[in-house]
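Asker: These protein sequence lines map, in sequence, to chains A and B. Be aware that the first sequence starts at 1, since it is given in our numbering, and climbs by one per residue. Be aware that the second sequence starts at 1, since it is given in our numbering, and climbs by one per residue.
Treat the hints loosely; a few may be bogus.
Which copy is meant is left open, because identical chains are indistinguishable; a pair holds if it fits in one copy or across any two.
In silico BS3-like links for lysine-lysine, alpha-carbon gap of 27 Å or less [claimed, not checked]:
#1 LYS334 / LYS14
#2 LYS14 / LYS94
#3 LYS168 / LYS14
#4 LYS61 / LYS74
#5 LYS6 / LYS217
#6 LYS246 / LYS360
#7 LYS387 / LYS432
#8 LYS220 / LYS150
Rather than coming from a laboratory, the hints here were simulated on the basis of the structure.
There are 2 protein chains.
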Amino acid sequence: MAEDIKSKVIKAKKASIELSSVSTEVKNLALEAMAQALDKERTAILDANAKDLEAAAELKKKGKLTQALVDRLKVSDSKIDGMIAGIRDVIKLKDPVGDTLSTLELDKDLILYQVSCPIGLIGVIFESRPDVVPQVMSLCLKSGNATIFKGGSEARESNRTIFQILVKAIESTDGMPAGAFQLMETREEIMDLLSLDAYVDLLIPRGSNEFVKFIQKNTKIPVLGHTSGICHIYVDEYADLDTAWKVCFDAKVQYPAVCNAIETLLINRKIADSFLPKMAEMYLGAGVELRCDEDSYTLLEKRGLSPLSRATEEDWSLEYNDLILSIKLVNTIKEAIDHINTFGSHHTDGIITENASRRKAFTALVDSSSVMVNASTRFADGYRYGKGAEVGISTNKIHSRGPVGMEGLLIYKYILLGKGQVVADYAGENAKPYTHRKLDLKFENVN
Amino acid sequence: MAEDIKSKVIKAKKASIELSSVSTEVKNLALEAMAQALDKERTAILDANAKDLEAAAELKKKGKLTQALVDRLKVSDSKIDGMIAGIRDVIKLKDPVGDTLSTLELDKDLILYQVSCPIGLIGVIFESRPDVVPQVMSLCLKSGNATIFKGGSEARESNRTIFQILVKAIESTDGMPAGAFQLMETREEIMDLLSLDAYVDLLIPRGSNEFVKFIQKNTKIPVLGHTSGICHIYVDEYADLDTAWKVCFDAKVQYPAVCNAIETLLINRKIADSFLPKMAEMYLGAGVELRCDEDSYTLLEKRGLSPLSRATEEDWSLEYNDLILSIKLVNTIKEAIDHINTFGSHHTDGIITENASRRKAFTALVDSSSVMVNASTRFADGYRYGKGAEVGISTNKIHSRGPVGMEGLLIYKYILLGKGQVVADYAGENAKPYTHRKLDLKFENVN
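In isolation and in its complexed conformation, chain A is listed as follows (with noise of 0.2 Å):
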């Protein structure tokens, strides 16, 4: 391993343990600082980015870079008008460290605390996409979390730029530690940084499906994120038509690039033949592919709808993430439910009803990390969901899960405050009692 990697890493960590314990006055002053700065830069920052865009010009002729790659990775001025804006939506943040989560009396004088803390060292590892830089490093500095960045190498003058620049303004600082965040920039180092599971407490990749697959497989560090999105709506026999025709149509066409834009339609067999036909004419007249099972072929060919194409059972684990869209009918909601569980990656998955019980079933029932309910499962999103800022979306079943804010960089420790008391006076014959009674009390105000 190249051992500047390693020593990077090491002096992230190290930095980390500081930055836990930063004041919040200190870190918005320091996040202010990375605004400003940002400002006063903003020539550096687009000339470097010139340099990326006329790289990555040249590898678009030589047909290496596609067209939306290149468009995420320029940087405007209105773009750096949204990183600062973006910088300062988070000074206004609640401070989330040293929050006392419980507190429990277990004797006399004998008090434990859960409080809330940084997870210590994160790793992010993301695409050509410059305006990360910035969003990452304010969360994390906010959180108390050191910070190793690896961008894409197609926006590696933008990033370095922006780096350096945000940085800089931290460690000018007074009371900010050095060397909590660290820039890597080659393709290698990341297999580096992947194996340093001693120093690296959670790894959030962002990018394509593939990207955050090989990272998943390549490490012992937890992973925070989501490969695929194959997002269902099952349009329910107790279904408002209505509600049904709209919710359907903005979950596939509204945006069908993004993870929680749906891949199939369920349908009630009850309720096809009022819903169907129109629904399917609202998608043909947007441009969307529709395939079919077997039964909703049928049914819209009878109609005399076109053009149709037909689903095979592997459509059923398609992404499309384009204007695609498969069609299943379904005698029951059970089916309907076993169906998303199985062939679903457990992201978002949405009902239309107006029935109680059928409502109920579904959210109890399918195991997705977002459930709507008469909603387009184009609002799981961390900005939509009120949470600021979005560090990703999880499917993992532990830790977080669903679109991820703030929260998900925290962990807790317990901390337990005695006057000499000793397990051997709670143990054995005679032993002490503890009380395990509930206070009010705050860590922040113990004296």
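Place chain B on chain A using the hints.
Answerer: Coordinates of chain B only, in the frame set by chain A:
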């Protein structure tokens, strides 16, 4: 892979969905049936255990099993009483499933609920202690999680008998799904289980450090637990001496074989003269081997204390689990904190001090799951922390940390209840604003 393992796991995973929405009443009836069945089937359990003990005696003769392992294997009538009492304790615990953790209005009639739910399918792998089965099964059942058990081969007969009695009791309770609890019996099956990360959501290994390390190294499934327990106490210059002597003695001597006993004592040089000689005398009197750094060795030698050993650099990373203690003098609290964060296992560490700013620095900067102030490290334990039952002690930095009770078996899902809202109305020009207003509604009360 042996097909029956995969099919057992898939069966349990399917049943986990049903189990997740079983009512509190039905779960408590199943728990009571478990308790009564154990009581009724004592003879069968003791007979099965006798077979295991007989085989164990043979192995012990051949030197393949220690007496400690044989002791842990033994089931007596009073141990069965303990199992029954443990199950009835779990009946008394509040059902943790379906709690509304937060409620947010995104817009009029568009309400986001965050609701607690089971994790899904848990794998519990343990060495030879048959009482683990009823304890873990009752916690998993109450929290709505399906479970795969794999016990040590030495306890095969006992585990199988207890398991079958409990499953029969559960599955004969009206409303409980079949197949949620499964038993694996061979060592080969562990490797199969470890590879089934598509189905198993969490592993809880209980056993030796090597055993837990082996599990961690060989699976992509999240592992809840800890490998080593290298715990410290730092005796600050502002320590109350009586407190220091009492607490440091308890933390090493009261039960040295466990993970929360201390392995290293760090002493501020300014208090070493007045504190250490009497402390060493107490330890030597209890048969503790003292491995001293250069300066503490010199200090104690001068006072004529013996026998003393010398600590090597390696000692700072050793978990003795025995009556052995390493001792080091430090110049500052910072040096103590650095030592603990560098060589410790982030499990449990303590400070003895009467000084508030020293206490604050230590509790803020020591990166451990439990931090003790003027109290023994031995208090770090699920029972003592008032959790009723302990799932394990975690040194993970995500999800659950420190002693973990039933709360470690839960996660949440987001449920969004709407009236046909679509994202298109909240995007682009003339976008509707989100209200993001906190509400006091409970999802369980929504009709």
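Asker: All hints are to be evaluated individually against the structure, with a verdict given for each.
Answerer: Results of checking the hints against the structure:
Proximity of LYS334 to LYS14 under the C-alpha cut-off of 27 Å is restricted to the inter-copy arrangement: shortest distance 13 Å between copies versus 52 Å within a copy. For the homomeric pair LYS14 and LYS94, the shortest alpha-carbon distance inside one copy (25 Å) is at most 27 Å, but the shortest distance between copies (41 Å) is not. For a Cα distance limit of 27 Å, the shortest separation of LYS168 from LYS14 inside one copy, 19 Å, qualifies, whereas the shortest one across copies, 53 Å, does not. When the C-alpha separation of LYS61 and LYS74 is checked against a cutoff of 27 Å, the pair qualifies only within one copy, where the shortest distance is 17 Å, while the shortest distance between copies is 74 Å.
Taking the closest pair of Cα atoms, LYS6 and LYS217 come within 27 Å of each other both inside a single copy (21 Å) and across two copies (21 Å). In this assembly of identical chains, LYS246 and LYS360 lie within 27 Å of each other by CA distance solely inside one copy; the values are 22 Å within and 56 Å between copies. In this assembly of identical chains, the alpha carbons of LYS387 and LYS432 lie at most 27 Å apart only when taken from different copies (18 Å versus 46 Å within one copy). With identical chains, the CA atoms of LYS220 and LYS150 are at most 27 Å apart both within one copy (18 Å) and between copies (23 Å).
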